[in-house]
Amino acid sequence: MKNIKYFIILAVGLLTLHSCETVELDKKDNPNALSPSQADINLTMNAILVRTGSFTNTIGSYGSRFTRIRNMFGVNYQNVFSPATFDGVWNQAYADIMNDIRAMNAQIEGLDGEFEKHRAVGEVIEAYLIVTLVDYFGSIPYSEALDTSNLTPQVDEGSAVYQAALDLLDDAIVKFQQDTTVDLANDFYYDNDYGKWVKLANTLKMKIYIQQRLVNPSAISSFDAIATTGNYIQEGEDFVFNWGSTLDNPNSRHPLYNAQYAPGGPATWYMSNWLMDRMLNGQSIEDPRIRYYFYRQVGDVLSNVNPDTGEEKRCVIQTIPPHYDNNDILYCYPDNDRGYWGRDHGSNEGIPPDGFLRTAFGIYPAGGRFDDSSFEIIDGNNYGAEGYGVTPIILASTVDFWRAEAALYGGAGSADQFLESAINKHIDYVRTFSGRSAQDFDESTIPDASDDVDYVSSVIAEFNSSADREERLDVLGEQFLISLIGNGTDAYNFYRRTGAPRDIQPNIEPNPGAFPRSMWYPAGEVTANPNVSQKDDLTVRVFWDDNPISGFPVNN
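Here the sequence shown is numbered in the working numbering, starting from 12 and rising by one per residue.
Since the hints were made in silico from the structure, they are not lab data.
Where is the CB? At the ideal position from N, CA and C, for every residue including glycine.
Each hint should be verified, as a subset may be incorrect.
Claimed, not checked - Distance condition first, Cα-Cα at most 20 angstroms in a straight line; then the derived EDC-like pairs of lysine to aspartate or glutamate:
no., residue 1, residue 2
1, Lys546, Asp556
2, Lys207, Glu248
3, Lys546, Asp557
4, Lys207, Asp167
5, Lys546, Glu520
6, Lys546, Asp167
7, Lys207, Asp194
8, Lys546, Asp181
9, Lys207, Glu246
10, Lys207, Asp181
As the list claims (entries may be wrong) - Between beta-carbon pairs, the in silico distance windows are:
no., residue 1, residue 2, range
11, Arg113, Asp514, 28 to 34 angstroms
12, His334, Asn393, 39 to 45 angstroms
13, Asp190, Thr159, 32 to 38 angstroms
14, Ser232, Thr456, 44 to 50 angstroms
15, Thr159, Pro228, 36 to 42 angstroms
16, Asp514, Thr538, 38 to 44 angstroms
17, Pro559, Glu125, 23 to 29 angstroms
18, Gln428, Thr456, 29 to 35 angstroms
19, Gly124, Thr159, 23 to 29 angstroms
20, Asp479, Leu122, 57 to 63 angstroms
Could you put together the complete structure from these sequences and hints?
Okay, structure coming up:
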């Protein structure tokens, strides 16, 4: 682990090379990158693996905000993000990661198969990238995108890109099973355990199949064909990127930690009121993960507000929006307050001087503080796990959530058993993070293991209280979204695929426009490539999204 962290710290320095650049596919030769003749294969592999963690963290934040896992700032869905928002993550996928994969493969050619494991890892990463790009943008340049002789590549239909991803994964599985003489110098994910890489490849295939459930009649059977083998990631085999805890030269800490644990307190993000409320009040017992997810700076907010700052008193003096009040929807803060201070979905109010009141990200996933009810104000950058957090890419618990969904639609197994397994796996995974803290805390405040049993039992009882599939999906969806803090991509996919949970907190604006079914194409790409035409609006669906519009009312 020390060696892995050391190399991550070195490699994270590469991440600064791509940020905020305009993305044009005629910039496929990254001026910051080494030429193939200059680069070292293992250093190129390091950059690929580290940048994959950064890519996931960035693009997952967009899905998180639409699905209430993180607070979304903006009352009009069409304008929450602009096309320019996506230039950086698009550039990272194409000009950095996939371009590096191509450069690495060019170096490997003619080396008598010594580096086939490197090539296989590159294929798994590329499959993950192109599937994720389709999930957010729809049709994308791919088959011609990295051909240096073609500066205006055509877009490929999402279904064709998905098939290309399956082909990459199948080829990678074959390569992982071949004998080669050279391991990755620094496998940040699985420490050169290629059996786990095979499991990951199979897990990505399961992801591809479950996401096609609405448009592919054989998707569930293809999903189950892998699921019944058990050859997919299990507990302890989660596909995650671990950030470091170094502040300088370079800063390797989790980006969420950097944004919130600084002098002046967490001045960048508000927590999602919906998520805090669901974890606090969604079941008969408090979610045992809540002290890991959130750190409270005060025991209650309202008795600590500045009496001269009306913004902080809005929960007392402002009128509840009618579409909230009429439907008994959470407004302003979770019931009983207890120091959980965030924002409602879509709230775009001004920013008051409440940096020392806001709830912050906790030890999971951001590497912040475990909430032991000490209520110490954040006013610096060395708290808790000091940024040694994680970006979950695919967790073992996620697979069980998928299996529960598949079972509800005729797949193998029992949906309630998969749901129970999923929640237990995720709680177990989150609990491991208390050991990352570099700061003493009151360990007596760690939830007792019996709380896990009571919480899961409460969820399963609610799930089994109805035979109606849509009502069961609501329970499943709420639990799935809760588990996806740190990477909202699978949450965004699930929400579009199912429309669940239906009782999720609506936008604070009663008429926010249609819910985004895909993202704008990046501004730089539309400008540079005449074969990429900007969408008229964000109701354009990705190929696998056949969920009826009626599943998403206007005030969602």
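_Hints violated by the structure (listed by number, smallest first)_ = 4, 5, 8, 11 and 17
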